[in-house]
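**Student:** Go ahead and model the full structure; you've got the sequences and the hints to work with.
Take the sequence shown: its position 35, counted from the start at 1, is 34 in numbering that gives the first Met the number 0, and no numbers get skipped.
Derived from the structure by calculation, the hints contain no laboratory data.
Among these hints, one or two may not hold up.
Okay, derived cross-link-like pairs now, DSS-like style, lysine-lysine, Cα gap no bigger than 30 Å in a straight line [said to hold, decoys possible]:
hint	residue 1	residue 2
1	42	128
2	140	79
3	55	222
4	51	75
5	103	222
6	326	79
7	324	222
8	134	42
9	222	326
10	103	128
11	215	173
12	128	79
13	75	134
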Amino acid sequence: MVYSVSFVAFTIVGVLFQWLLKLFRPSQGGVPEKSKVQDATHKAPYPCNAIKGNQKFRITMGLRRLDERNWLTVDKNYLKEHDVRISLLQNQRSQVIQCLPESKIACAEALEVVAEFLCERFPDMFRMKEAAGVKTIYNSKTGESFVIGDENSGIDPLETAVRLAMEDLSILMKNEEGEYYLAASATLFPVGWTVQDRIGWTISQMHGPVPEWKDKIGHSVNKFFCRLTPESPMERSNYFLETKEPDEDLGDTLFRPLGLNEDQPGLSIEDILLRQERQTFRRLPRTGALIFSVKTTLNTFDELPVEQLQALATEIRSWPEDMAKYKGRDIWGQRIFGIIAFFSPSFLFSGVSAFDLLWP
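**Tutor:** Laid out in C-alpha cells, this is it:
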C-alpha cells in the first residue's frame, strides 16, 4: 500500500514536470489559413463514443445506428498513417492482408462502395474519372491513382480500398453452419493478432481469448450479423490502454500483433496511450457479405477531457480480475492512476485510495 501511494505521488510530480515542458514549448506554426481549415487532412479525428464510467463491468455489444455521412473519415493523421500503411503492405504483406478465393466478388464490391463514398464525401481530395468504360480514382493528397473494377489491375481490390481509406477493412461471410467468418481482411493496425494467423476463423474463434465474450454475447453477435441489412448499418466503439517505448515510431505503435503492453514501458506521459477503435458494420447490397471497418485513434492522456479521465479510472476499477489481466492492468495500472490524479485532482479527495481505485 505504501509503495502504491508513493509510486502515484512520484508519477504526479513527473507528469507535472512533463506537462509544464509541453505547455511552454514554442509553437511550431502560426494561425492556419482559411483554406487549410476546410482541408479534411487538417481536421481532428472523428470522435469515438465517450467512455461512460460504468461502476459495474458488463460486456455488451454497445451498438448504435451508423452516422452514415461519416462512415469513412479523413483527418489530420491521414498522410502519416498512409505512409505507415504503405510500408506495412510492402514489408509485412502476408501479416496484414489476406483474401480467401470465395471473397473475390465481395472485395470488388467493397472497393466500389469505398471509392464512391470517398469521392462523394471528400470531393476536393478524391476524384473518379471514367474513360472507355474504365473507372479510375485519383487521390490528390498522395498523387496515387487506382483502377476500379479491373481484375487485371495487378492490385487486390481490398488493398486499394485501404490505401485510399484510413480504416482497416474486412469482409465477413456466412459459412455452412450459419456463422460468420473472416473471408478477407486488410487489418494493418491489429491488436494482438495478424490476418495471416486468423484468416478463415469464425467470429467466435477470433474472440476466444476475450473473457466472458462467448458466454455473454457470442450468440447475440452472430444473430446481429444475420439480421443486418444494407439499410441498417451500425457502429460501436472500443478502447484499450497501450504502452510503448520512448521514441517508438508510429508504425510500431499502430501495428501491434503481439499485444499492446510493453513489459517495461517508458516513463513519459506520452508513453501511455488511450487507443480507441470506431468499428462499423454494413451489408453489401449485391453480394450480401458484410464489410467491417475499424478506425484507430491514439491519444495521450493530456489530450483527454477531465471527465473522460475520471470515467476511464472508474471503468478500470470495475474490471473483474480476468478482464484486468487480459487488458494488462498490472503493467500500467499505478502509472495511469498517477496521470489521472494529476489532471483530475478531485480524485485525490474522493475518498478512494490509489490502491482501491485500481484493485477493488
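**Student:** Keeping to a limit of 30 Å between CA atoms, is the pair of residue 140 and residue 79 held or broken?
**Tutor:** 11 Å, holds
**Student:** Taking only the CA atoms, is the gap from residue 51 to residue 75 under or equal to 30 Å?
**Tutor:** Distance of about 26 Å is within 30 Å: holds.
**Student:** Verify the proposed pairing of residue 75 with residue 134, using a straight-line Cα cut of 30 Å.
**Tutor:** 28 Å, holds
**Student:** Holds or violated: residue 103 and residue 128, Cα atoms, limit 30 Å.
**Tutor:** 24 Å, holds
**Student:** Quick one, are residue 42 and residue 128 close enough, alpha carbons at most 30 Å?
**Tutor:** 27 Å, holds
**Student:** Tell me if the straight-line CA distance from residue 222 to residue 326 falls inside 30 Å.
**Tutor:** 27 Å, holds
**Student:** Holds or violated: are the alpha carbons of residue 103 and residue 222 at most 30 Å from each other?
**Tutor:** 25 Å, holds
**Student:** Given the hint that residue 134 pairs with residue 42, test it: the Cα-Cα distance must not exceed 30 Å.
**Tutor:** Cα-Cα ~29 Å, so holds.
**Student:** Please verify whether residue 215 and residue 173 have alpha carbons no more than 30 Å apart.
**Tutor:** 21 Å, holds
**Student:** Take a quick look at whether residue 128 and residue 79 sit within 30 Å of each other, Cα to Cα.
**Tutor:** Distance of about 26 Å is within 30 Å: holds.
**Student:** For a C-alpha distance cap of 30 Å, please report whether residue 324 and residue 222 respect it.
**Tutor:** Given pair residue 324, residue 222 holds - Cα atoms ~29 Å apart, limit 30 Å.
**Student:** Is the straight-line distance between the alpha-carbon of residue 55 and that of residue 222 30 Å or less?
**Tutor:** 26 Å, holds
Going through the hint list in order, the structure satisfies each hint without exception.
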